[in-house]
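Peer 1: Below, each chain spelled out in residue letters.
There are 4 protein chains.
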Amino acid sequence: MTGLKIAVIGGGSSYTPELVEGFLKRYEELPVSELWLVDIPEGEEKLRIVGALAERMVEKAGVPIRIHLTLDRRKALKNADFVITQVRVGRIEARIKDEKIPLKYGVIGQETNGPGGLFKGLRTIPVILDIAREMEELCPEAWLINFSNPVGMVTEAVLRYSNIRKTVGLCNVPIGMKMGVARLLGVEADRIHIDFAGLNHMVFGLDVYLDGQRITEQVLDLITSGDRSGVTMKNIVDLGWEPDFIKGLGLLPCPYHRYYFQTKKMLDEQREAVKKEGTRAEVVKRLEEQLFELYKDPHLNVKPPQLEKRGGAYYSDAACSLIRSIYNDKRDIQPVNVRNCGAIASIPPDSAVEINCVITKEGPKPIAIGDLPVAVRGLVQQIKSFERVAAEAAVTGNYHKALVAMTINPLVPSDAIAKQLLDEMLEAHREHLPQFFKHRSFVR
Amino acid sequence: MTGLKIAVIGGGSSYTPELVEGFLKRYEELPVSELWLVDIPEGEEKLRIVGALAERMVEKAGVPIRIHLTLDRRKALKNADFVITQVRVGRIEARIKDEKIPLKYGVIGQETNGPGGLFKGLRTIPVILDIAREMEELCPEAWLINFSNPVGMVTEAVLRYSNIRKTVGLCNVPIGMKMGVARLLGVEADRIHIDFAGLNHMVFGLDVYLDGQRITEQVLDLITSGDRSGVTMKNIVDLGWEPDFIKGLGLLPCPYHRYYFQTKKMLDEQREAVKKEGTRAEVVKRLEEQLFELYKDPHLNVKPPQLEKRGGAYYSDAACSLIRSIYNDKRDIQPVNVRNCGAIASIPPDSAVEINCVITKEGPKPIAIGDLPVAVRGLVQQIKSFERVAAEAAVTGNYHKALVAMTINPLVPSDAIAKQLLDEMLEAHREHLPQFFKHRSFVR
Amino acid sequence: MTGLKIAVIGGGSSYTPELVEGFLKRYEELPVSELWLVDIPEGEEKLRIVGALAERMVEKAGVPIRIHLTLDRRKALKNADFVITQVRVGRIEARIKDEKIPLKYGVIGQETNGPGGLFKGLRTIPVILDIAREMEELCPEAWLINFSNPVGMVTEAVLRYSNIRKTVGLCNVPIGMKMGVARLLGVEADRIHIDFAGLNHMVFGLDVYLDGQRITEQVLDLITSGDRSGVTMKNIVDLGWEPDFIKGLGLLPCPYHRYYFQTKKMLDEQREAVKKEGTRAEVVKRLEEQLFELYKDPHLNVKPPQLEKRGGAYYSDAACSLIRSIYNDKRDIQPVNVRNCGAIASIPPDSAVEINCVITKEGPKPIAIGDLPVAVRGLVQQIKSFERVAAEAAVTGNYHKALVAMTINPLVPSDAIAKQLLDEMLEAHREHLPQFFKHRSFVR
Amino acid sequence: MTGLKIAVIGGGSSYTPELVEGFLKRYEELPVSELWLVDIPEGEEKLRIVGALAERMVEKAGVPIRIHLTLDRRKALKNADFVITQVRVGRIEARIKDEKIPLKYGVIGQETNGPGGLFKGLRTIPVILDIAREMEELCPEAWLINFSNPVGMVTEAVLRYSNIRKTVGLCNVPIGMKMGVARLLGVEADRIHIDFAGLNHMVFGLDVYLDGQRITEQVLDLITSGDRSGVTMKNIVDLGWEPDFIKGLGLLPCPYHRYYFQTKKMLDEQREAVKKEGTRAEVVKRLEEQLFELYKDPHLNVKPPQLEKRGGAYYSDAACSLIRSIYNDKRDIQPVNVRNCGAIASIPPDSAVEINCVITKEGPKPIAIGDLPVAVRGLVQQIKSFERVAAEAAVTGNYHKALVAMTINPLVPSDAIAKQLLDEMLEAHREHLPQFFKHRSFVR
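Heads up: the sequence lines are chains A, B, C and D, in that order.
So this note's numbering is basically just the index in the first sequence, starting at one, shifted up by 10.
So this note's numbering is basically just the index in the second sequence, starting at one, shifted up by 10.
So this note's numbering is basically just the index in the third sequence, starting at one, shifted up by 10.
So this note's numbering is basically just the index in the fourth sequence, starting at one, shifted up by 10.
A pair counts as met if it fits within one copy or between any two copies, since identical chains are not told apart.
In the PhoX-like style, the derived pairs of lysine-lysine whose C-alpha atoms are separated by at most 25 Å in a straight line are:
| # | residue 1 | residue 2 |
| --- | --- | --- |
| 1 | K306 | K35 |
| 2 | K88 | K371 |
| 3 | K274 | K114 |
| 4 | K275 | K110 |
| 5 | K274 | K110 |
These are calculated hints, taken from the structure and not from any lab test.
Just chain A, with the same shape it has in the complex (with noise of 0.2 Å):
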């Protein structure tokens, strides 16, 4: 074994340094000797700046990783030990689109909920689907981690419409939501255990262990007991919870689930922020400016501390963890994306889910857990449906199916609306739906 080589797709994104950091921490477990990081055309500039970061930081640290930088992707694939897809298909222009459009119809205008995420499905489903077909070719035994969002529906279309088998959908959320528990109670992250069970940005922790003694009440009791909840992501407004409710649910929501049971408020919400500050994509563009601005620092050495704010903390750290298991065939418990398998009951079993897996050499094997509470067992399953109507309709660009997922979704709220926001979406993301335009224009 001569190292590892590491394809990351989407490499000029601005998480890169953060993924280059966990290589370095880890390389003493992990020894990658190839990180390829692939962009596009229209990414090059901001992948030679990522790159030379990244660089300085592998020079820093004196260990012998060798850094490439390509547009050719087939050349980043070949022979690949894992692949890493990053990619945001239509860039942060898209984001803005998907948050903004919404809202004039009344609806939530979000990256990975709603019509948003419908959208963000519906561009990013065919070009990782693409990136798999090329695995096949290319490097069949590799492992395809993907972050790209929407991370449910992505994983649900390659567990449906690709061969690789070698494959998991990875989210910061599950490790966000650890963390803030354990700042909720200032303890070390790592005394901290949670159940987790769900869908990617549907996903309960069914129980919160301190040391392993169960603490959910406590727990619960904490993030209902003032205005904030204190377990949130950055890029989701903490509103609290009514305690009554969390309280008869006796589950830890994540931070998404306020987009279903709190959808008023945060519609209000969504529009005062657009107010004041443009949508949030809007705000992560000119973050993300400023951070290229630091990277092009030739003294940088390090991951700069401002990263953290861009809202995708622990990310690179949670894909670092994880393919440090499998080629360690660690066998620790992550909560990954992957096929159910009859671990939760009331979701197909050949469905993705969002679950606490044992991580072995031989990939993460979920762990059973019944199933879910019958309380957000239809949420959970509507959330599932829509995904799944929603990967269909990404990979055959039928307009019908399409307009299917879009009234289904729960924070669409009524056939009319779903087809007006189709339709001006369809226009607005033209260019990256090809499927949709193939033969004619999609409208009947």
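Put chains B, C and D on the given structure of chain A with help from the hints.
Peer 2: For chains B, C and D alone, kept in the frame of chain A given last:
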């Protein structure tokens, strides 16, 4: 065999003449000898009016059915062969509250859906379970045929919380859909067959047949070709459907699906209607007063045609037809609410579903459909989660369970509004919800 | 509609006169205009004899059905409405081997169970799948009604390995059980109803009804009150049942259950019988020769009564009755072999089961039973495992799969005997198992 | 925390020194302060001998564990943290009968399989359920770790018929298989990992790994390359496997699978062995007498090496290792018997399975495998059916249920032999089966 004894709980209902007519029409096949109409003291006057009409109808028909009027439920149940429950706990006044209070919070106020449906369930379930317990003692071999809404939630509760195994929930929505399709096509209703599956007030026509031949697509074209679908109920405004959505769905929705797929439009419509003529409950109240005026006429000895406007068309016909088929081991197919038994894969096998059944002397046996299409599975599962939590709240009187039920209902926009609604409605219906006030005020 | 075209593959079978009689009896409801009898060159003589009898029968009945005799299967399939398959790959000689070879190893030799059933499946499945492929091309809308044993394994194979969705497997065991019960009770068969569920030749009567009233216990008492159960098939010796076992089971077993619950006795009986009169196949061979002698009689123009001894009583009646109900959208209840669709919880939803179905123009729809009693679930599941592995071996010609199928069959006493049996039987049937000899000798 | 209290029911067992050794080895991680050894009056002498040895072992180790010997089970259970049950109802004499009587009927006589296993279950289950009831009262937070065979049937009974939720069934077969594979490969056992799934004494190695790398095929080649598989138990003769069968299966069978896949050979072997040296129980009886002679030696203060011959190697190690991981929330992977929870799709979610689990402070959590390969699913399901009916018979004392259990056991050749076996064995074990003789003689 000396003829059947039928007990009708809620016998003073304005629907009773249709039921009587149904038994008279079928006397040859269904030899009823005793028809017991039971009501509570507050309903005594109506019971006398309806009872007198029933007696005139029987006399006109010249069949040896004996009508018994009583306020003593146990007497009516004793040795009954069939027990029909059509109760309205809290009477029409409670329904007016169910429809009005939600509107104040910007939420649809509806008899069987949303917060109104939840509260109708909380009031009705304990009463039906009481009747079930009395049946165990007084007529353990009898069939419990429940009409009382919300039929889905009530059937779920009877299956889970009583020992009565011979029970069927009955609704006029499927037969109404069949009649509507026949009307649209201009054919006799008995040439139409629909494969029904789903939940009560959440049932789909998976396929529609004319003389055994599939005509689903043609029917879907018809219901989407104008402003109105033509397939609806008296109590639900017909806003038509978005044709592309229905085409994508490929299923015949039931009228109540509008509340979920056209939430915003339905809310707007309700607000308009309430301004003009009051809530539906208030309209019904006036209709009922007129009906009872008619019923008082000592020359009236048939079901008056005005009853059809009332909204419950075919209800009693469905009931008599069901009883007839059970009694005669007919083995014909009727859509009813029973234990799923695996007939719909994505609903728990021990939950209530509304589905086509073969009606035998041993009761209805559901016809397995495999599964619902992915696109509608999630919504149906979500309503099932709601029904189960609601039934548990009704039985236990647990405030937190009731709040969870309210919050997870898809028509309720947030946990905070759910709590306000719950608190106000609990107070408004206090008299009919003793289980929530047993020990102390529900207010925590 | 100018009348139906029916194609009978294996038309030279001795059963054909019963089939013809069935169509003649039902001509009013089932207007057959063309009946094509197809056979292979080796069966040409029998085809001519049976065909001539069929023509005399039609002439006597005076209905406009045209009989076509052909060796050209494609011609018969072209535009057929129903295709009936009653093939016997390897003819009676192969069955003689299936019954004799196992006996040498101390194993029951039986047409559809144990090693003999496995080999009948290995020979038959590829032929039926060929017919299914031709149907896709020549009569894609036709129904494939398969009689060819082993019906369970063949139906499993058609469901899993062909594109034909309109397919039913048919067996005379359930109707035989119903007739047997009627005989025991001394009542007309149409007053008896049995809730059938299980697999082909592994079906149980869950409950028995007389005029819709459960009489299961009485029937179980009757079948265990003497030396013989009275409910059996011509080809299965009736050894009675241990009364306490049947009482504990609470189910009506089918005659083939004896092979599993009375394995030793059945083996001893078979050995005795073979000494006296040869194998059942040899008895049948003689019976068939006598039948064909009768069929040759130019004055014979009805089904001769001697045919009933042959063992396949009611087969053709079941087939004609099924076709009639499909054609007329009868929606009556018949036990047939179809995709499970969740009707029996412990069998995979996509596997073949034998179960009561509602027979519609769109085909049979299984009635959900929930689940089989725990006590019999395991055996049924084991046979299903066997059928699935056997079907896979038949399709792939994989030696190891065939050995696994042989070893897991409950009638085979060890892996070593399984291998000996497999090797000898593969050699004996070599001519009819080209899939196992494609590339090279099967011997490793 | 002042140290753990462990109660060992059946503390006079010859295995106890291994258990003591296990606790001594792990004292650092598992601070046991009190070890209570309980037995029944008939076992008092053995209890004193073993107890004295245990005290000498503790003294030698120099750790502050206090040994308590008692015949008062309630005293031992009071406030225990872990309860270990290793009872043998009817002692070795009952096992001799279990092994001898079946042989008279040409049926394998075995401690945990076939008729012997059934009767061991009928005797043991009521005793374990009594202990569980006492635990509810005396130590409701304790874990019940059951070794008593038949572990599968006992665990099924505890899950279904007791209120104890903290329960694990433990067996040395999986660890023995792992050790066997390590021996064959000549590597350290901790480099081997096996994916175990199935039932107790019916468990399969789905895949075998060396240092995380799949080596399943190599291991299957090894175990089939000679006359003996090399992976077996002391008490099960190793007849090797038919190589083509194992290759077709693609799984590592457990030693007990021989009874099902090599039934005839195993029966012949048993007959030979019994002629030569008596039943296994008689051999064990002699071994135990020798062991107790050794234990009496006042100079012995370690576990004597002769114990390993006894057949239960690794049992106690498995138990101590499990307790250690629960106590320390280790989250390592161990194969144990627990509620399935969907981990194996074709076994009911509420049934006991033997499967790899993550061992946490809240107990073992099964790792979902999806499903067993089709080929073995049926046999596993059949044994589960048998276990469930047997457990029901044990609890109810219902003669007919017991007969059904006996008849459906795959090792029993007919309903008639089942009845003879049942009647003779009920009589032979009458003293230990009060539930079958409560009201009257079992003879009907």
